[in-house]
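*Asks:* As a plain string of letters, each chain reads:
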Amino acid sequence: EAEVAQSPRYKITEKSQAVAFWCDPISGHATLYWYRQILGQGPELLVQFQDESVVDDSQLPKDRFSAERLKGVDSTLKIQPAELGDSAMYLCASSFGTSRTGELFFGEGSRLTVL
Amino acid sequence: KQEVTQIPAALSVPEGENLVLNCSFTDSAIYNLQWFRQDPGKGLTSLLLIQSSQREQTSGRLNASLDKSSGRSTLYIAASQPGDSATYLCAVWGNTDKLIFGTGTRLQVFP
Numbered sequence: 001e002a003e004v005a006q007s008p009r010y011k012i013t014e015k016s017q018a019v020a021f022w023c024d025p026i027s028g029h030a031t032l033y034w035y036r037q038i039l040g041q042g043p044e045l046l047v048q049f050q051d052e053s054v055v056d057d058s059q060l061p062k063d064r065f066s067a068e069r070l071k072g073v074d075s076t077l078k079i080q081p082a083e084l085g086d087s088a089m090y091l092c093a094s095s096f097g098t099s100r101t102g103e104l105f106f107g108e109g110s111r112l113t114v115l
Numbered sequence: 001k002q003e004v005t006q007i008p009a010a011l012s013v014p015e016g017e018n019l020v021l022n023c024s025f026t027d028s029a030i031y032n033l034q035w036f037r038q039d040p041g042k043g044l045t046s047l048l049l050i051q052s053s054q055r056e057q058t059s060g061r062l063n064a065s066l067d068k069s070s071g072r073s074t075l076y077i078a079a080s081q082p083g084d085s086a087t088y089l090c091a092v093w094g095n096t097d098k099l100i101f102g103t104g105t106r107l108q109v110f111p
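Going line by line, the protein sequences match chains A and B.
Quick note on my numbering: the first sequence kicks off at 1 and runs consecutively.
Quick note on my numbering: the second sequence kicks off at 1 and runs consecutively.
Check each hint, because a few of them may be wrong.
Computed far set for chain B versus chain A, every beta-carbon distance over 10 Å [stated by the list, open to error]:
1. Gln34
2. Gly41
3. Thr45
4. Glu56
5. Ser65
6. Asp67
7. Thr74
Here are the simulated lysine-lysine pairs, DSBU-like style, with alpha carbons at most 30 Å apart [said to hold, decoys possible]:
8. Lys11/A / Lys71/A
9. Lys71/A / Lys1/B
10. Lys68/B / Lys78/A
11. Lys98/B / Lys1/B
Part of the chain A face toward chain B, derived, beta carbon under 8 Å [claimed, not checked]:
12. Leu91
13. Arg111
14. Thr113
I should point out that these hints are in silico values taken from the structure, not numbers from a laboratory.
Positions of the beta carbon are idealized from the N, C-alpha and C atoms, including for glycine.
Let's have the full structure, built from the sequences with the hints guiding it.
*Replies:* Printed below as a string of structure tokens:
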């Protein structure tokens with residue numbers, strides 16, 4: 001069964017260091033999303049791509065976060081420098097159609113701990 | 001601003017019980033509603049997707065209903081099993097073109 005792949009599964013880093021997460025969506029899914037989930041809360045959208053274009057990054061803290069999907073397939077989310085408040089689960093999701101009709105499929109997530 | 005609320009926040013039941021999880025949303029102008037399951041430390045698994053024109057969806061022991069006018073959805077789990085223990089999240093896609101999540105219901109089914 002096709003899955004959304006994410007790596008690393010766990011990342012521990014010190015404050016002010018750089019960290020990167022990678023996501024490979026389900027083959028053929030044009031829409032890719034990065035969400036952040038703080039423990040005990042629901043996921044919140046950071047950035048949405050349609051193919052290689054950013055559709056929505058209004059909630060992305062652009063002073064320290066960046067995301068790219070250069071060839072419209074896999075994507076990288078970077079944080080530099082990491083802060084204590086960035087500790088969370090970073091989830092990648094993809095969908096085949098537009099967001100309004102398409103079912104979202106999530107990866108296993110990348111758990112970030114900032115010390 | 002769309003807000004999604006899930007009640008109860010936590011639920012503990014004995015195996016075999018039928019149970020209902022509730023989800024309410026403040027803006028009824030939605031395109032779809034999706035129910036997810038999340039095991040501790042893991043990602044989200046899609047359970048059911050209900051389009052705005054639909055009233056319910058079923059998958060195995062799961063049945064989800066949608067009442068747009070009242071801003072409510074329910075997830076019915078029949079004959080609960082210990083393996084159903086997880087956090088259940090609902091999410092709605094509305095005019096903001098974002099999937100807005102509730103905070104989830106943490107379910108524990110004990111033998």
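*Asks:* Hey, does Glu56/B actually stay past 10 Å from chain A on C-beta?
*Replies:* holds (16 Å)
*Asks:* Would you say Asp67/B is clear of chain A, with no C-beta pair closer than or equal to 10 Å?
*Replies:* Fine: 19 Å to the nearest Cβ keeps Asp67/B off the interface.
*Asks:* The output says Ser65/B does not contact chain A. Does that hold with a beta carbon cutoff of 10 Å?
*Replies:* holds (18 Å)
*Asks:* Minimum C-beta separation from Gly41/B to chain A exceeding 10 Å: can you confirm that?
*Replies:* violated (7 Å)
*Asks:* What's the verdict on Lys11/A and Lys71/A, does the C-alpha distance respect the 30 Å limit or exceed it?
*Replies:* holds (26 Å)
*Asks:* Taking only the CA atoms, is the gap from Lys68/B to Lys78/A under or equal to 30 Å?
*Replies:* violated (38 Å)
*Asks:* Once the closest CB in chain A is found, is it more than 10 Å from Thr74/B?
*Replies:* holds (18 Å)
*Asks:* Checking a non-interface call: every C-beta of chain A should be farther than 10 Å from the C-beta of Gln34/B. Is that right?
*Replies:* The assertion about Gln34/B is violated, with a minimum of 7 Å to chain A.
*Asks:* Do the numbers back the hint for Arg111/A, that is, is its least Cβ distance to chain B under 8 Å?
*Replies:* OK, holds: Arg111/A within 8 Å of chain B, min 7 Å.
*Asks:* Between Lys98/B and Lys1/B, does the CA-CA distance stay at or below 30 Å?
*Replies:* The given pair, whose Cα atoms are some 11 Å apart, holds under the 30 Å limit.
*Asks:* Starting from Lys71/A, check that the Cα of Lys1/B is at most 30 Å away, please.
*Replies:* violated (34 Å)
*Asks:* Using Cβ atoms only, decide whether Thr113/A comes closer than 8 Å to chain B, and label the hint accordingly.
*Replies:* violated (12 Å)
In this structure, the earlier hints numbered 1, 2, 3, 9, 10, 14 are contradicted, and the remaining ones agree with it.
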